[in-house]
Every structure is written in structure tokens, then in C-alpha cells.
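> Below are the chains, spelled out letter by letter.
There are 4 protein chains.
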Amino acid sequence: MDFEITPRMRELQAATREFIAQKVVPYESDPRQTEHGPTEDLRRELVALARQARLLTPHASVEMGGLGLSHREKAVLFEEAGYSPLGPTALNIHAPDEGNIHMLEVVANDEQKERWLRPLVRGDIRSCFCMTEPPPGAGSDPGLLRTTADPVDDGYVINGEKLYITGATGAKLAIIMARMPDGSATMFLADMDREEIRIEEQLTALDTCFTGGHAHVRIDNLRVSKDDILGEPGRGFHYAQVRLAPARLTHCMRWLGQARRAHDVAVEYSRERQAFGKPIGHHEGVSFMLADNLMDLHAARLSIWHTAWVLDQGRDGGLESSMTKVLASEAQWRVVDRSVQILGGSGVTDRTIVARIFRDMRAFRIYDGPSEVHRWSIGKRIAKGVA
Amino acid sequence: MDFEITPRMRELQAATREFIAQKVVPYESDPRQTEHGPTEDLRRELVALARQARLLTPHASVEMGGLGLSHREKAVLFEEAGYSPLGPTALNIHAPDEGNIHMLEVVANDEQKERWLRPLVRGDIRSCFCMTEPPPGAGSDPGLLRTTADPVDDGYVINGEKLYITGATGAKLAIIMARMPDGSATMFLADMDREEIRIEEQLTALDTCFTGGHAHVRIDNLRVSKDDILGEPGRGFHYAQVRLAPARLTHCMRWLGQARRAHDVAVEYSRERQAFGKPIGHHEGVSFMLADNLMDLHAARLSIWHTAWVLDQGRDGGLESSMTKVLASEAQWRVVDRSVQILGGSGVTDRTIVARIFRDMRAFRIYDGPSEVHRWSIGKRIAKGVA
Amino acid sequence: MDFEITPRMRELQAATREFIAQKVVPYESDPRQTEHGPTEDLRRELVALARQARLLTPHASVEMGGLGLSHREKAVLFEEAGYSPLGPTALNIHAPDEGNIHMLEVVANDEQKERWLRPLVRGDIRSCFCMTEPPPGAGSDPGLLRTTADPVDDGYVINGEKLYITGATGAKLAIIMARMPDGSATMFLADMDREEIRIEEQLTALDTCFTGGHAHVRIDNLRVSKDDILGEPGRGFHYAQVRLAPARLTHCMRWLGQARRAHDVAVEYSRERQAFGKPIGHHEGVSFMLADNLMDLHAARLSIWHTAWVLDQGRDGGLESSMTKVLASEAQWRVVDRSVQILGGSGVTDRTIVARIFRDMRAFRIYDGPSEVHRWSIGKRIAKGVA
Amino acid sequence: MDFEITPRMRELQAATREFIAQKVVPYESDPRQTEHGPTEDLRRELVALARQARLLTPHASVEMGGLGLSHREKAVLFEEAGYSPLGPTALNIHAPDEGNIHMLEVVANDEQKERWLRPLVRGDIRSCFCMTEPPPGAGSDPGLLRTTADPVDDGYVINGEKLYITGATGAKLAIIMARMPDGSATMFLADMDREEIRIEEQLTALDTCFTGGHAHVRIDNLRVSKDDILGEPGRGFHYAQVRLAPARLTHCMRWLGQARRAHDVAVEYSRERQAFGKPIGHHEGVSFMLADNLMDLHAARLSIWHTAWVLDQGRDGGLESSMTKVLASEAQWRVVDRSVQILGGSGVTDRTIVARIFRDMRAFRIYDGPSEVHRWSIGKRIAKGVA
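Protein chains in written order, with the UniProt record's numbering: chain A, 1 to 387; chain B, 1 to 387; chain C, 1 to 387; chain D, 1 to 387.
You may find that some hints are simply not true.
Unchecked claim - No more than 25 Å apart at the CA atoms, straight line, and that leaves these computed lysine-lysine pairs for PhoX-like: (1) C:226 - C:172; (2) A:278 - D:384; (3) D:380 - C:278; (4) B:278 - C:384.
As the list claims (entries may be wrong) - Sample of chain C residues with no beta-carbon within 12 Å of chain D, all distances over it, derived: (5) 1; (6) 39; (7) 42; (8) 183; (9) 190; (10) 233; (11) 386.
Just so you know, the hints here were simulated from the structure itself, not pulled from any lab data. C-beta: ideal position from N, C-alpha, C; glycine also.
Looking at chain A on its own, in the form it has when it is part of the complex:
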């Protein structure tokens, strides 16, 4: 039982912290940030900087061009990257690419890796993960999957609609989850340039930090070959889990950085802004909120580190990642909400970055399993005596 950060972690932490502060934060006022995320142009500029700093796609294996980080190393580095809303984009560790890269490393065959994974790791292309669907299709309950893959000749024809597909617009690769005639699910890799895949609608969302934003995607009679199957047919739900447990955790890491940023902005303001005869940070009404922030950040970090350690032991970590998802997403949200409150007018306008963090973070309590689905799943484990 040891909470020491290793020398390598400390080095990665320092390098990332400096990179974010020096190179990324100045871009936060760059006009190339739209309602639907940074432009591709801005993204490439940031990626180039990370490449230069040798911090690009650090979670990928060394063979593939990354730094081959352990989950615990990711915990430290990703928190730092998350300190700027643009950090994860710069380091190419944002959703959904970060999780897609991880899954492809584990599941894809060599040919697929060469074709899709390498350019993803280089930050040359982006990918999207086509899983969730409009009602009555798959949402929190993946079992409702309605997109179909029907066998034809030596391949399949895919038909369906996908909703809330992050990064779809501008992505090169689509990973599509579809239902097989036998009811099982399979993941397919497809080129987003195919005309059978159409952006039906670009959604406007609370968040604006994901390149490409979120879209409603329609797939009409998309022909794919057996070579386009990711891993084995029928194992789609399993691979989704391979992807989800760590992807869920990396969300927690990145948002921890964002929450810390919001807190830091609030702390600075609380030292300067006067009210009723003293700096507002000397009023317990404010200082108690800052203290709660610190405790929430601390508890979230410890839970993230613990789950990262569990995953590093090669354990499944399903329970731990569910607990951490709920603990961290709710604690981090409280931090951001309190920071907004302390900042007053500066917290709800563009006079600080906190209003943006507030908008960006809200969906985190929903995606990768809403708090309610995780509580339900933890409760079921308790009922069964396995938690």
C-alpha cells in the first residue's frame, strides 16, 4: 500500500503540465473553436505540438507509436492533459479515439491495425464509435440494439440509425455495432467516406469540446466484407466491454483535470474579489465550498488511482470502474458547480473558462453509463453477493 508516484510518472506529469500551460492554454481563446468542437485545422495544429513534445497518443503501445503507459501512468498524465479543454485533443487522448485506439490494439488484426490504428495513433485521422441509437434502440441498455447486419454473399449489409455519435463529422473510421441474425452483436470497421453512411443531423449539445461534435448517423445498405469485422463475429458486446471499462476510467481522469482547473480559477478569484469587507475566500460560505472541492478532488483521484491499479493487475475491474465512474463524475460535477457559484457572473459567462467546463462536463454523468445504470449494476452485484 503505497501512494508514491513513480519517477516516470512524475516526469510525465511535469512534462504534460508544462506542455499544457505553455502550449495549449494559449489556444483556449483561439477562434477556431465552434459549437461542434475545435476545427480539424486547429486539431492538427495542436496534435503537431504534442508530437513535438513527444506526448502524442501516449496510451498507445510503443510499437504503435505511443508511450505504452500503464493505467496508473495514464491516471497521472491524463489528469494533467485535462487541465485544458483542448489538452485531450492535443494529446490525441480524447473520446472516442482514445478508447477506440485501445480497443483496436487489443482486438484488431494486423491488417486492420496498419490501415486504421497507425494513422489514428499518429493523429492523422479520427474515428467514431457507432453504438447508441435513437429510441427504441440501444441507449443505456445495449440489449435494444436495432441496427442489423444481414449476411450477403461473402459479407454483410448493415442498416440502421445511430445517435449521439461523437466525432462522426469529419471522422475517417466508423466502428459500427450491429445485430446479427442470431441476435448476437458484431463490430464492423467502415470508412466514413462511404456514401451509405450519412450524417443525418449535426446535434447541438451542451458540450463543445469534442472535435466533430455529436451527430445522428444513418446507415443505408452499407456493404461490408468479412475482413471488416473487428475481432470475431458475435462478440460485439464483449468488445464493447473491453473498450468501456478503461474508456470510462480515462474520462474520469481527464475530467479530474478539468475540475481541478475550475477549482483553481475559483481559488484565485476568492483571493482577489472583495465583498463585505474582506476577500470572499475569507467568508466561510465560500471557503467551505473550496474545502469541499478539495475533498471531492481528492476522493475522486484516489478512486481513479485505485481502479487504475486494479486494471494494471490484469483484473476485470468491473465493479471498481462502476464505482469510480459514479464517484468521480458526481464529485467532479460538484466541484465545477461550486466553482461556478463562487465565481458568480464570471462563472456563467465567458469571462472565465469555467462556464465552458460547466457546459462540457454535464454529459459525463450520462455517457459511458449514467450514474443510475451503474448504481443499479453495483446493487445487483451486492444482491448476488459479489460486491
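Assemble chains B, C and D onto chain A, guided by the hints.
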């Protein structure tokens, strides 16, 4: 002790409910809604509809062209108006005009009423309330007021900066709070067209429901005459209270309508969306949130009604309006946040109106006194034995 | 819509407040208060005082010897009575007698009223309500009722176990809920002196305010006649509802008084106790808690008043009483918990009465429907569109 | 960064868990448990069992007869010991002896160790820590200390009152904090048998787990010699900190065990108790509470472990122990409160041990610094830029 709604209230409620549903809700997808609120064009179109429905500026006195509502009648009608984000704009009961109209009725002289109040009540012009300032000026603590009014000849010269001025862009009338040489504060009425008043910066805010948005305003050597003083010189802080207590309460009323709307959208979704074998509303994880929504709406409404009754008795209502501001703003926020959570992806994107309500409402826990300032003030009353 | 207290209410309020302060509070240190409530001796002494003050059993009809209070009048009077843990005992309005008296007035026949109701109203005897059972019997789910009433000759034989029976020890009358052969439920009136009814075990509970405490009761072959049936056979569940909705509300009223008492003790302490250079009530950490107390008391009171008004209109009030039960029990609990916290050592020992209120109140979030069952029931109404 | 429990920890954990389950839990229904804690007789019987199991006073150094545990080892072992309300008494690791033993090891001279520390470690005698006083003396604010030590001849005369002195009745050793003429504070060791030290009043408290309960102690003209000074004169406040930081943490450890126990009892009940057609643990209303319990236990444990590690590094750990005190005491309280709620009637009566844990634990949010004082202190560190 009687919770019966009077026949007149019931009539106003029904008429407003129908007006909102039939006339206003269809405009919610009108493209003339910008980051900085509805365009002036859209606003005038909506105002014309309310005029037609005889629901325009209903809180103004009958002499001035309103319906002369009691606070309790406002409670009922404003809740209905708030059911659409565009409702208060249509009825001309949105901040800051609603409060400005109320204050002008109480404090302005006949000439000022003719010049400013009548066109405001008709919805022909808009006004803004220039009180808060950038640090280190007046914010939650009005005592920090730094804008000055220096006597010259038969008038004053005003200099200062004002921040978070809602509706400033496009307003015709500015009500400016400034500090006199003796330290007291005075309110002045000024034409926003004067070149000495400049929109320094249009802020981007979380909310997008106020026509004109929020601005940073600079006032440079603005000459005003004694006739431009609102009420008596030196009584500015007093008039701010005259304005604030009811204005605070009408915020609670309008946002109650918004919260109810968010809840209704969530209820409808909870009946249709399936997950894990049944509508999500049949899962206690969701149904408990809906039950909590109902209780929060109920408690907020009762507290609003009670404070409205207190004000109708001619009592000051300072304690009650502070309590209601905290109770209602926090309860209504919880309702909207839970509704977002239940709606999942539809709650954080433009697929429902709830994401917009979420953005619009956050600042309500801050303006007209943040929760912390009200708790502090209630606590002081308790310490003094007057609560 | 009028929150004015009527002159009669004001009179009852003043009389009760004075009676509690002058006559009842001095008994709070009387040694005749045991782990299982006041002794019968103490109870009779208190009842005699209330009789003298013409405040005894005020909710009973005038014919039966009470004051014939409306629900709203009860709201005002019971809150005052609850200001002392001994108040409801003195006024004979404590659970379960208060609810039993109400139900007997509505359902009992003349003979039963003469035999049981009159002495109950006079405070000469006590009663208990034998409904809940040990697992797997009736608890939060009354449908699990296992006590049976088997027809024999011209009567029935009752067998079963009852748990958490408040006031059983020392009661003269038992109202027993039992299942009929056809699955319906019937209420029977029985003399607790019958040897077929046995106190199996006197439970030690957190609370100590109910005369007779709580017991595990065993009923073995208890012969009852048809004349012992309360109301009609098979309508037991219906009568339980007749009893519950108002009984639930009177709990809220009494505990509101207790919560107010705890708050008052905390306020007084916060003015006197110094820490870090000033009275603790001048620290926002404490004053914010007191402000929250005031808001919780206010919201609970308004919700109680509203439901009382609904019941006074002759409406069923099922939804309203569920909402008020949750709102009030949770708000009042927070008040007491915060008061304990403010009082520190005095809050967790017998140096103030607050530790006793803390112990006495915890079960209130459980009995007459735990918060969870009410949320579930409110949620079901929402799902059905009837809330 | 490693969350692995060492083999030694695992061994201690297993041994303690078995000892508690086999030897201690059966005593939980022993009648020798009074309102003021276990009798001395029962305490000695339990201590003898722990001695036999080689688990007595495990935190003392090996030289003194303990196991010389690190803070992290304590974290693991104390949690197990806390699983029964009698566990800490049996292992002689309960407050205040546990903290007193630690402080004496660090500060006492050899003679004092022989006289007081050895018999304390053996569990032959008990001690009390006389610090807090009745208003207007030292409470949360130690600076208000009013007990005086006046120099006479070759010693001092101590006069004062001490309140909430845990374990005073029956203790052999008193550690008395008193103010010197120069305003500094000194700790003195005194024999509780001295007639100048009097138990003024035995308090009745919510908790019943501390041997000797809590008392109001009066010290009248107590003559002590210079040899009775603990450490150096004038360093009393410093030693109080030496005692407090780890003592605060061991409270968190022990209560974690209690909270886990409450949760386990609730889990078992949730599997068996049926309502509305299924075990209550299959209702989300209950299973979500159990999930929240698990998350609260997890977060509390991680925070405790982390602070233990900080202390093991020889660091001061002031900030960390403050954060953990708040985090753990509030999380653990929520766990116990939810467990009570799930258990219903069994949670508020002696039908389970949970009602007792509920009573025992409430004061933990108050002693060793109430949450509010810790939030205040954390907030001050933030304001100063040292947190």
C-alpha cells in the same frame, strides 16, 4: 389559511397556459434566437401576440396599461408564462424590464412615467439596470459601488463601468446607479443612445433567453440633469431594495414554469423510453427522481405563494423573499438537473428543450443575490433575533 | 390563496404555547420517563393538566368531548404541542391514540364508541394499533398480512404475531388487523387484558417518547365476536387508509414542533458560545446551518398546511400527504441533525433536550410509510399520469 | 502507487477478523453493557481474550508490549476491530486510551512510561484526556482554555472544570491540559484517585460504547509536581496536535468497521425481507442505497489509507487528516443512516445492532474537530495557498 386559487387567477392561468401552448411554444424553434437572446424583431412579434391576447405587461397598473396584478396573481400567471423560454419575453415580464417597470411605477415622477414607463409597458422599448460592476466594484456587495456622479452646474457627470448588464444591447433606457460625493447612491435615467454610454463588450453567457444578452458597459462623462434623477438623490440603495424584493420573487415564478416544463418533458420520455425490459419510468432509479421533482416543484410553489401573500399584505417581506429565493432557485435547479439526467442524450442536446433550460437557469442561483448572500443575511437575522 | 391564521387558530396556538411552556416543559426532567416512554402515572398527571387547560384530545369531535378541530387547526395546535416531547402525551394527541381516535370516530358503531372511544378521548385508557408483523408478514407492504381471522360459530378466532406495536404495553384496547379466509382484511377491537394477547417482548428502541414503548405481541386463539368487528368485515385495508392519511399528517405536525424546539436550542447556544473570537452564530459555518434550518421548517410547515387544507376540502389527499410525509420528515430530520451538530457536546448528551429529540425522531422517516415507499407511490402516480 | 495489502497486513486482518467474529461478537448481547459503556469487569474479560489472541494494544511499540504497527497496518487492523462495538475495547485501541498511549510513547519520560504507559498498554488501567471545558472554556477552540496551573513552591496548583471527558469514571490516569500564567498550555499527568479531582456529573450521551462514558470533571486545588509535567512546560497545544492527528485517523478506521457492519446487516436483510413481490434488495430504491453505501465505504477507506501512508512517511499530515476526518465521518454516517432506513423497524430497535451503531456514531462528526472546524481550517490553507 386557504390555498384556493381565485376565479380571476384561474382565468388568468388558463388564458396564459393556452397562449403559451398555442402561440409561443411554436416559436421555440424559430431561428431568430441567438446566443444573446431573441432578436428585437422576434421580440416584437411575440409582444404583438401577447397584446392581442390581452396578456401584455400584466403586472403594470391598469392606468399604465397593464392588468394591475397582485403578487399572488403574478405567481400564478408568471409560472404559466415561464413554461416556455420565450413566454416572459412575449408577455414583457422578463428581467430586467419587469422589475424596472415595477420600480418606475413606484418611484418615477409623472414626466418620467410618460417618457419611459409608458413605452416600456407597451413593449415598444426595452430598459437595462446598470448596477453591478467589474471587480473591485459592486457585485454581491452593493456597498462597493464605484461609478461616480459628480455635481456640475445644474446636473451631474457620471463615470464608471458596469458589468453583466442584462439587455443593455438594444435597450433604450438605462437606469444607472452611481455614488454621490457624500457616499450615498442615486439612480439616474439615461437614454442608451447617448454616445457617452458604450457597450464595451458583449458577453457570451450560459443563458440565451434574455433579449440583448449581457454586456460590459462603459460610461464616460455622461452629463445628466437633476430631472434625470429617479426619485430622490441619495436613495439609490433604498430603491434597489424596492426593485429587488419583488423582482427576486418574479424570477422564482418564471423559473418555476421552466422547471415544470423540464419535468414534463422528462415525464413524457420516462413513459416511452424502454430499458431493461420496461419503460424507464418504471425503474425506481428514475421514478424516485420524478417524485423528487414533484416535491421540489410543490415546495417551491408554496414558498413563492406565501411570499407573494406577505407582499400583498404590504409587508416588507425581506426575510421571506430571501428564503424563497434560496428554496426556489435550488429546488428548481435540482428539478432541471434531474430532468437532464433522466433524458440522457436528449437532455444534453437540442433534441429537447431541456438542455436550453439547463443553460438558461444556472445563473439564477447567482443573480439577485447568490444563495450564499441570502443564507448569510438570513443567518444575521437569526443572530439578531428577528427571524 | 391566503396564509392568514384565523383568530380561533391564533387563540389555540397561544393557549397551547403557553400550556406547553408553563406546564409541560418543567416535566421534561421528571424521572418518570423510561426507555419505554413516560410511566402511566406521569401520563395521567399530564393529561389532568391538559384537561384543566381545556386542551385535552382537541381533535376529537365536540360530541365526544374534544374541540372538533379542522385539519388546519390541528396543524397549528399540534405544532405547538410538539414543542415538548411530553406535549403530545399531555394533550392525548400522540400516536397511536390520536389516529385510533380519529378512525373510531369515523368507523365505530355507537356501542363501540361508548365502550372504547369515550374513555380514550377522556385519556382514561390507551389503545394500540396491531398491524405490522415480523418478517415475512406485513411491514411496508401491508399485502403480506399473515395474522388470520378464522370464522367459528358466531365469531372468529385470531392468530398471529404483531411487531413494533407502539403503546401495546399498558394499553386497554387493541385494534387488530387480520386476514379473512377470502384474503380480505378486517379490523377487530379487543381488550388487551385478554390472556390470549401476550406481550412477547418489549423492544428497546431509539425513541423513548411513546408511553408503553414498542412491543412484539403474540395473539393465540383469540375468540372475538362479530360485534368486535370495526366497521364492516373485509374493509380493513380501506380503514387503514382512513386512519393513515391524517395520522401521517399529524406526525408531521407534532415533529415540526420538535424540530423547531431543536432549532431554538441551537439558536440560543449559537448566540452564547464563543469560538475563534466571536459567538459561533457569527461564523457562516454555523449561521448557514441555522438559515437552512429556518428554510426547512418553513417549507415543511407550508406543505403541512397545504395538505391539511386539502383534507379540509374533503378531498382524499393521498398524493399530498405522501409528498408532505417525505418533505416534512426529511426536512425536520435535517433540522435536528444540524442542531445537534451546532450544539456539539451539548447536542449528543443530556445537557440539552436535543439529543433526545434526535433519538425520538429518527424512526419518523420510517413509520407510516418509509420515504422510499412514498417516493415509489408518487412515482407510480406520475407514471399513470395522475400526479 | 500500489494498493496491495502486505502479507503482514493480510495476516493481521485475518487474525483480527476471526477474533472479532469468534470471540467478541458473542459478547454483544452481554448484559454488562450500560448506558455508560461496558463495565470494567466486561472490559477486563475482553482484554484478556485479546491478550490471548496476541492482539492486545497492537499500536504500542514492541518494547512497550504492542505490535509496533505502522499507520497503514493500523488502518487494516482497526477497521476489523471496529466491526464490533466491543472490538476496540477488547483490543485496547479505543478512544481515549489509544491516543493517550500514542502520545505518551512520543512525549513521556522513562519514569512516566514505567508508571503509566506500561499498565495502560497491558490494559490494566484506563486513562482520560482532560482538555475540553464547559462554556466559556475550551471546546472546538482550544484557545479558550480556562483551567489554570499556578506555580507554587516546586510545583503547580491546578484549578478548573472539564467537560465531555470520555472514560473519566474509572480511569486511573488523567492527562490534564492547563493554562500557565504566561498564557501557554501545559499537560500534566495525575492520578484520578486524588480527591481533588471529582466527577461532578456523569453525562448521559447518545453513545454507549466508551467504558466509563463521559463526565463533567472538577479539579480543585490539585497539587502536582514538576515531575508530573508531560514533556516540556508550555508545549501543551503542540502535544495535543501530536495526539490529535493520528487519533483522529484511528477514529476513522474504527468507525469504518462499524459502518461496514451496519451495511452488512442491511445487505443481509435486503436479501431476505420481501415487499411488493420481491426481496427489498431487488427494488432500486433499496439497491441504490446499498450501492451508495459501498461507494462511501470505498472512498472513506481509500482516504484513510492515503493519510496513513502520509503519516508513515513522517509527514505532518495535517491537511490530509482534516480532509479524511470530514470525508470519512460524513461518509460513514451516511452509510449507517441508510442502513437504518433499509432495516426499517429492525434498524431503530434492538432487533439488530444497527440502532446501537447509529447512536454510537453520531458524535464522531463532532469530536476531534467538528466537520465545520475542519472545513474552516482546510479553507484557510487554501486561502494561504498551502492546500
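> Each hint needs a verdict: does it hold in this structure or not?
To see whether the hints hold, each was checked on the structure:
{"no.": "1", "hint": "C:226 - C:172", "in the structure": "holds, 19 Å"}
{"no.": "2", "hint": "A:278 - D:384", "in the structure": "holds, 14 Å"}
{"no.": "3", "hint": "D:380 - C:278", "in the structure": "holds, 17 Å"}
{"no.": "4", "hint": "B:278 - C:384", "in the structure": "holds, 14 Å"}
{"no.": "5", "hint": "1", "in the structure": "holds, 34 Å"}
{"no.": "6", "hint": "39", "in the structure": "holds, 18 Å"}
{"no.": "7", "hint": "42", "in the structure": "holds, 18 Å"}
{"no.": "8", "hint": "183", "in the structure": "holds, 16 Å"}
{"no.": "9", "hint": "190", "in the structure": "holds, 22 Å"}
{"no.": "10", "hint": "233", "in the structure": "holds, 25 Å"}
{"no.": "11", "hint": "386", "in the structure": "holds, 19 Å"}
Consistency with the previously given hints is maintained throughout, with no hint failing.
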